[in-house]
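A.B. asks: Now for the letters of each chain:
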Amino acid sequence: MSVIECKELSKAYGRKKALHQVSFTIKENTITGLIGRNGAGKTTLLKIIAGFIRETEGEINVFSRHPFNSLFVSANRIYIDDQMNFPNTLTLKDILQSAATFYGNWDQILAERLFDYFSFYPTWRYQQLSKGMKSTFNMIIGLSARCPLTIFDEPTTGMDASVRKDFYRALLKDYLDHPRTIILSSHLLNEIEDLLEDVLLLKDGEKCLYLSIDELKEYGVYLKGSVNCVRDIAGDKEIMYEKSLGNDHLLIGIKNTLTNLEIEQAVLMGVQISPISTDDLCTYLTNKTIGGIDDVFNRS
Amino acid sequence: MMSLTEVKLPDIVRKQFFYKVKAYLSVFSSLLVVQVISLLLSTNGSRMMGTSHNGFSIDINYYTGDISIVLTLIWSFITAIIITTKAYRNDDFVFVSNRVSSHLSNIVFLFFTSVIGGVTAVLAGQSFKVVMHLFLKDGYVMGTAIPFHELILSLIVSVMYVFLLAALGYFVGMLVQLYRWFSVLLPTIVIGYMIIGARVGGEPILIVEIFKFYAQETVLLLFLIKIILTSCLLFFISSILTNKLEVRQ
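In the order they appear, the protein sequences are chains A and B.
The first sequence begins at 1 in our numbering and counts up by one.
The second sequence begins at 301 in our numbering and counts up by one.
This is chain A alone, in the form it adopts within the complex (with noise of 0.2 Å):
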């Protein structure tokens, strides 16, 4: 069964389009990474899904009903951002219990034990609360809430690295005693690629790729020795990276579909082939150039 479905989907501010004819399917149980760069549409994306914004054009459903503005998705969602904020006469203990009346699955034990793990004082305020703090109070909720569908909208934001790593172990954890449709948006996938099932990747608000994490790590090669030989094995392929190495050695990427008489010629040849990383591959597709930030001080 798929829990999102998206056709088409369109989402203009004004004249600014924020996302552009998106199509995807996500299915109930898995955890989808939402990856792009800043400004990519990944928030808009969410905020509909969430039943937060409408779309202008398109069609999505979320447990097969319109989002925008439906009690029953907004009893069964929970999207989680450094947006949220609560009231300052509240202390953090009166959150958690407010939290606990809205949600039906909500885990008061599991919310405790995390609240005490990560040290917080019941008597807290959140206004006081510091960035990364404020992030690990909302990851809190946004565990215990229990919800089937559970989207988390830069949920790492402040957080240092430790809390971090804590997080998405958390979230793996609970995720395999209670599984449920997870949507985590990051910039950082190197982290949260052990997590992930699916990736999906947006681009300029268009969808650049909607693969499981497996494909997407043998989605890229690396070719590197000397220039005239690395041209050769690369043909015409899509070039996704190039960088020079000296004057006559060259590093390229590549998308893989290489084939292995090409792979022996390259062995031959002395170029060698690695995998791109799923971090690197996707900051090469959502580039706007092949050289990156080297192509603005390359004047020559």
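Keep in mind the hints are simulated off the structure, nothing from the lab.
Cβ coordinates follow ideal geometry from the N, Cα and C atoms, glycine included.
Please note that the accuracy of each hint is not assured.
Cβ-Cβ distance ranges computed for the label pairs, FRET-style [stated by the list, open to error]:
#1 A/66 with B/518: 49 to 55 Å
#2 B/318 with A/289: 52 to 58 Å
#3 B/514 with A/2: 54 to 60 Å
With a straight-line cut-off of 30 Å between C-alpha atoms, the simulated BS3-like cross-links for lysine-lysine are [to be verified]:
#4 A/288 with A/255
#5 B/512 with B/429
#6 B/544 with A/17
#7 A/134 with B/315
#8 B/544 with B/526
#9 A/7 with A/203
#10 A/16 with B/544
#11 A/7 with B/544
#12 A/165 with A/217
#13 A/173 with A/217
#14 A/131 with B/315
#15 A/27 with A/203
#16 B/386 with A/16
#17 B/386 with A/134
#18 A/93 with B/315
#19 A/17 with B/386
#20 A/134 with B/322
#21 A/217 with A/207
#22 A/93 with A/134
#23 A/217 with A/7
#24 A/207 with A/17
#25 A/27 with A/17
#26 A/207 with B/544
#27 A/7 with A/17
#28 A/131 with B/322
#29 A/255 with A/27
#30 A/93 with B/386
#31 A/93 with B/308
#32 A/93 with B/322
#33 B/386 with A/131
#34 A/17 with A/203
#35 B/544 with A/203
#36 B/512 with B/526
#37 A/165 with A/134
#38 A/27 with B/308
#39 A/288 with A/207
Assemble chain B onto chain A, guided by the hints.
C.D. replies: Relative to chain A, chain B alone:
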């Protein structure tokens, strides 16, 4: 598969209302401040009369606790405007909510604050009389004690006025949220009309008529119908206005 929860609107409205009572606690502390200020202002007395004859002089001072009702009306209007602002609207959507439940819980919340505001305003006026009895030792003090059924009546009436002002504030707040320039336009029109109306015809007719319509109704039932219908209309228009807004930015 995690089971999907079916929710009922009244249930969510009830939960949101209780959340709001806890979350918007500052609304009630501001009411407290407003009423303390109103009592202090009242101690000046509202009218004075003096006369002297053959070496005797009589000074008559009138004291009234009505200021607390006026200030409570203003408080209610402003409170309603405040909860229409984006920050407060977004607060709703942290947890389960849709627009209808958000409006309904706001209305219930405003009615709740109106009851508290109206009742405390009337009682503050009464306790003011008692306090003045104790303080005004100099001379002869005459107080009017109102019979119990009239006290109940004044409680109901002031609660309804406070609620009417809340409905008006909610409407104005939503209008301003939707079209920013209303925040300039509305005061200009209202105050401008008062100034111009007062110059040309002696009194701004429209405002006098509105005042007559709501404030000089002597039949309780008719009065209640007028207030409730007007409030419902204002809330209804407010909720229609927000259909143009996104649920949460």
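A.B. asks: Of the numbered hints stated previously, which ones are contradicted by the structure, given in increasing order?
C.D. replies: none
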